[in-house]
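Q: Spelled out from the first residue to the last, the chains are:
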Amino acid sequence: MSVFLLILFGFLAGILGGMGMGGGTLLVPLLSFLDLPQKTIQAINLISFLPMCAVALIFHAKNKLICTRHIGWLVVPAIVMAVTGALCADGADNKILRVCFALFLIGVGVWQLAVAVKACVASRRNKRLPVLADEQSDARDITRTK
Amino acid sequence: MYLSAKNKWLIVILSAAAGFVNGFLGGGGGIVIVSVLLAVMRLDQKKAQATALLVILPLTAVSAAVYLINGNVDWVPTLWASLGVTAGGALGALLLSKLKSNVAKLIFAVVLIAGGIKMFF
Chain A
1 MSVFLLILFG
11 FLAGILGGMG
21 MGGGTLLVPL
31 LSFLDLPQKT
41 IQAINLISFL
51 PMCAVALIFH
61 AKNKLICTRH
71 IGWLVVPAIV
81 MAVTGALCAD
91 GADNKILRVC
101 FALFLIGVGV
111 WQLAVAVKAC
121 VASRRNKRLP
131 VLADEQSDAR
141 DITRTK
Chain B
147 MYLSAKNKWL
157 IVILSAAAGF
167 VNGFLGGGGG
177 IVIVSVLLAV
187 MRLDQKKAQA
197 TALLVILPLT
207 AVSAAVYLIN
217 GNVDWVPTLW
227 ASLGVTAGGA
237 LGALLLSKLK
247 SNVAKLIFAV
257 VLIAGGIKMF
267 F
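Respectively, the protein sequence lines represent chains A and B. Using this note's numbering, you'd call the opening residue of the first sequence number 1 and step up by one each time. Using this note's numbering, you'd call the opening residue of the second sequence number 147 and step up by one each time.
No lab work stands behind these hints, which were simulated from the structure alone. Each residue gets a CB set at the ideal place from its N, CA and C atoms; glycine is no exception. There could be a bad hint or two in this list.
[Claimed, not checked] If you want a taste of the chain B side facing chain A, the calculated C-beta under 10 Å gives, among others: (1) L149; (2) G174; (3) A194; (4) A198; (5) V201; (6) L203; (7) I215; (8) P223; (9) V256.
[As the list claims (entries may be wrong)] Output of the computed footprint for chain A on chain B, the stretches with three or more beta carbons under 8 Å from beta carbons of chain A: (10) 150-163; (11) 175-185; (12) 228-239.
This is chain B alone, in the form it adopts within the complex (with noise of 0.2 Å):
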């Protein structure tokens, strides 16, 4: 696969985007990289959303690197959510080979709208 300097320097300012939300947000970075997978590395859906998990795994450790010496971590409930994530995660990546991205991404995108309407009150 060829990149252009055009291409890489799109890829250079959109994956600093996607940077800066998961570290800012703490979270939202994979959907940004998932799409420059696919629009500028012209990856298949399923290589891309498999493959923005390797990219966000180590900003992720960072910017939890981060919020844990600023000291805004308890311990507790994250322990819980990981237990729950982790068992999750392991569905979800068995899941991905087998489900049809068009309807999950329609349910994806509805349960987004209503979560951020949601977040508002």
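Next up, chain A with everything else stripped away, as it sits in the complex (with noise of 0.2 Å):
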């Protein structure tokens, strides 16, 4: 097994991890390159995220990017399933696990893509405001000289 290619898909797969986008979402497919089996993968995935997940969070503090407010609410129904879901993973094939990671993928990457789409537009529309707002006033500028 190449340790290179272990830490250049570590590597890639922090970048987006780091950002908050998901970097484990992209580690398990770089993985699957190499042959091990999917609950290796998916180990492999949850561990390396720790130090990664420390070390963000101290960037993050320092630009006073997280916000504690309220947070219960998300972490302690998230652990308890956490759990159920990985004792789940332990009695599944790994095949199963595989297909169905592959269609989170899917699933995920076509509403992120149409979410993305959206803000490309919004933001190219509100950037074209301005100038449009312009155009109406040279309009009424040239109504009046008349």
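Hey, can you piece these two chains together into the complex? The hints should help.
A: Written out as structure tokens, the structure reads:
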């Protein structure tokens, strides 16, 4: 198994993970290029996320990007169901887990694509608005001078 | 920030779903958490992405503990990948305040779809 590929795949996924964009969703398909069972890949993803997350949180805390208010409403149910999910994964077949992950990735990818395209269109429209306003004001000036 | 009872229930249900996905698939819960922070708790994009890491950290720790107890951890590849992920994570955290999020999202979405299709083969 290539140590270089493990570090490279980890580095690429880490960049997304550090930005809070879901690095795990990238590391799992990248690691599937290597000959590893799906449960091992998932365990690598979970464990490698821990030190990266701690480092990224230090940077985000310094930049005052962390909001802790009402966070208990998210953390408590998520922890309970995370344990349930991990226990279910242990009983599941590697092939089933792989197909589930693939479907999850495609679903999230299509959803994120729709969100990103919508945001791009909205930001382009906002940029055009001042131009339109200027054009309208020019038109008004012309009518006044006439 | 005020949270209505309806929103609290919505947060509990969606966070529980994110937790299950993260434990069952070994990742992916962060995307759901970011969406909850954006849509229900009305945080801005960068704060939502950063705060999601704080939510994901404890649930990833407990999921990892279950995988460890069940003997699904292979330490050699895990340590090498962790080295890369941690270095990349530091760079990603620095980039978050500098990157145009729409462009990053577009690239990310295409990569996800390609990754999902690849996993079928």
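Q: Now, for every hint given, state plainly whether the structure supports it.
A: Hints, one by one, checked against the model:
The criterion of a C-beta within 10 Å of any C-beta in chain A is met by L149/B, whose closest approach is roughly 6 Å, and the hint holds. Look at G174/B: its Cβ gets to within about 5 Å of chain A, closer than 10 Å, so that hint holds up. At its closest, the beta carbon of A194/B sits 8 Å from a beta carbon of chain A; the interface hint therefore holds under the 10 Å criterion. This hint holds: A198/B has a C-beta 5 Å from the nearest C-beta of chain A, less than the 10 Å allowed.
Annotation: V201/B was flagged as interfacial toward chain A, and the flag holds, the nearest CB pair being 5 Å apart, inside 10 Å. Interface restraint check: L203/B against chain A, minimum CB-CB distance 5 Å, threshold 10 Å, status holds. Contact between I215/B and chain A, as hinted, is supported at the beta carbon level, the nearest pair being about 9 Å apart and thus within 10 Å. Hint status for P223/B relative to chain A: holds, with the closest Cβ pair at about 5 Å, below 10 Å.
The criterion of a C-beta within 10 Å of any C-beta in chain A is met by V256/B, whose closest approach is roughly 7 Å, and the hint holds. Note: the stretch 150-163 of chain B has 7 residues with beta-carbon separation from chain A under 8 Å; the three-residue rule is met and the coverage holds. Note: the stretch 175-185 of chain B has 7 residues with beta-carbon separation from chain A under 8 Å; the three-residue rule is met and the coverage holds. Here's how the stretch 228-239 of chain B fares: 12 of its residues keep a CB closer than 8 Å to some CB of chain A, so the rule of at least three is met and the hint holds.
Violated hints: none; the structure is consistent with every hint.
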